[in-house]
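Visitor: Please model the complete structure; the sequences and the hints are all you need to start from.
Protein chains: 2
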Amino acid sequence: MKARAAKTRRKTRIQQENEERILEAALEVFSMHGFRGATIDQIADAAGMSKPNLLYYFRTKDAIHRLLIEQLLDNWLDPLREMDPDGNPLQEIRNYIRRKLEMARDFPRESRLFANEILQGAPRVEDVLKGELRELVDEKAKVIREWGRQGKMAKCDPYHLIFSIWATTQHYADFDVQVRAVLGEDMSGDGRFEDAARFLDQLFVDGLKAPGKN
Amino acid sequence: MKARAAKTRRKTRIQQENEERILEAALEVFSMHGFRGATIDQIADAAGMSKPNLLYYFRTKDAIHRLLIEQLLDNWLDPLREMDPDGNPLQEIRNYIRRKLEMARDFPRESRLFANEILQGAPRVEDVLKGELRELVDEKAKVIREWGRQGKMAKCDPYHLIFSIWATTQHYADFDVQVRAVLGEDMSGDGRFEDAARFLDQLFVDGLKAPGKN
DNA sequence: TAATAATTTTACCGATTGGTAAAGATTGCA
DNA sequence: TGCAATCTTTACCAATCGGTAAAATTATTA
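First to last, the protein sequences are chains A and B. Residue numbers for the first sequence follow the numbering used here, beginning at 58 and rising by one. Residue numbers for the second sequence follow the numbering used here, beginning at 58 and rising by one.
Wrong hints could be hidden among the right ones.
[What the hints assert, rightly or not] Covered by chain A, per the in silico footprint, the following chain B stretches (three or more residues, Cβ under 8 Å):
{"hint": "1", "region": "205-212"}
{"hint": "2", "region": "243-256"}
[What the hints assert, rightly or not] Non-contacting residues of chain A with respect to chain B, defined by C-beta distances greater than 12 Å in every case (computed):
{"hint": "3", "residue": "Arg70"}
{"hint": "4", "residue": "Glu81"}
{"hint": "5", "residue": "Lys108"}
{"hint": "6", "residue": "Asp141"}
{"hint": "7", "residue": "Pro142"}
{"hint": "8", "residue": "Arg156"}
Calculated directly from the structure, the hints in this document are not laboratory data. The C-beta atom is built at its ideal place from N, Cα and C for all residues, glycine as well.
Guide: Here you go:
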């Protein structure tokens, strides 16, 4: 522990700055090409430094990726954690959807980094998925089921509800290229976002059947 | 044209078999690692042949990928094409959802191949997205809007409706690892599929508000 | 300001990448 | 059966991959 303490000494100003630049560049590259498709040269290029210089701060490509994923997972589950068992069910779900949608808008690269990781078999996050994530979802699933039992919202499969919220919101980050191709580039990002938010609100609350018919 | 005709002569039995084996292997590898993350050696390995032998049938890595994407797009849009303007709106939408869900179940690698491509900026399918895909979606969006206008279903943004159908259904193929991690490996694929189908039916038709309340 | 620590550059390494040349083996057919 | 067309293997290539060694430079501090 003493020996380690010497290694864990305070970070230099330069170290601080360069690690940030590297992580920023790596997020850009990894989110675009996935782990195997990304190269250290690309990241170094995007960070505006030489490859050996980059490797002075992170000893391996894997180390950069690992840290990025770690930081990502820290924030990723927050919106779900915030879902309040004592709140108004429909309002809680609507809030959750909106928060997830905001994250897709504000952190699309993080979303794609995660999507790439899952899509390619999640070799580096499997334990988190089966541990932390699963526990949190189990917990919130119980809450949602209880809401249904109490007649505060429709009874439904809470797991698939959560999946469908993840899917619909993250879609706007992960499939951004497709969304833009279909809607046209000219529509502003904010307009798209507001339209999406309005639609998802409607879908998750009322569904699509003709109004007035029950 | 005459000169080309000579090249387009009938395929040998061996050629037929080997091209199939290669495409099958390539689908496996590309869908797992994306274009840049996949290597010819991996594909050749999976196809049980040497790299130069593989390159006898496909002259470049790109050519294999291109053909796979081409074949994929042929089938991918069929369910949407089949949506009948003269059918019962809600039933047509439910059918569309089910067909897409079946595709996610039966062709998960194709779904992931496409997802990888879009996620990584869609460099090889941009023209299809902005052309064929966009036109089809525009056409069906008009149909859905008309359904709303006639009071046969709720008025809603048809584009975001289509996005949300794509997102929710493809999620089960693209994020399979995550879905399994949360639901547990033990649940059979069929059970998962039926649960998902039932939930999506409920969501898209009735939404989540408590039944009886309008 | 001198010495020490931190940072950057230059030059490189072996392994792997996508792809080729050409000789050898196999196949189908007259 | 012979022979041309098809197929497969062996041996390679230049470029790029992730990563290292060590000298040269810059920043920090006693």
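Visitor: So, for every hint listed, does it hold in this structure?
Guide: Okay, the hints, checked on the actual structure:
{"no.": "1", "hint": "205-212", "in the structure": "holds (count 4)"}
{"no.": "2", "hint": "243-256", "in the structure": "holds (count 4)"}
{"no.": "3", "hint": "Arg70", "in the structure": "holds (35 Å)"}
{"no.": "4", "hint": "Glu81", "in the structure": "holds (19 Å)"}
{"no.": "5", "hint": "Lys108", "in the structure": "holds (18 Å)"}
{"no.": "6", "hint": "Asp141", "in the structure": "holds (16 Å)"}
{"no.": "7", "hint": "Pro142", "in the structure": "holds (16 Å)"}
{"no.": "8", "hint": "Arg156", "in the structure": "holds (17 Å)"}
Hint violations for this structure: none, all hints satisfied.
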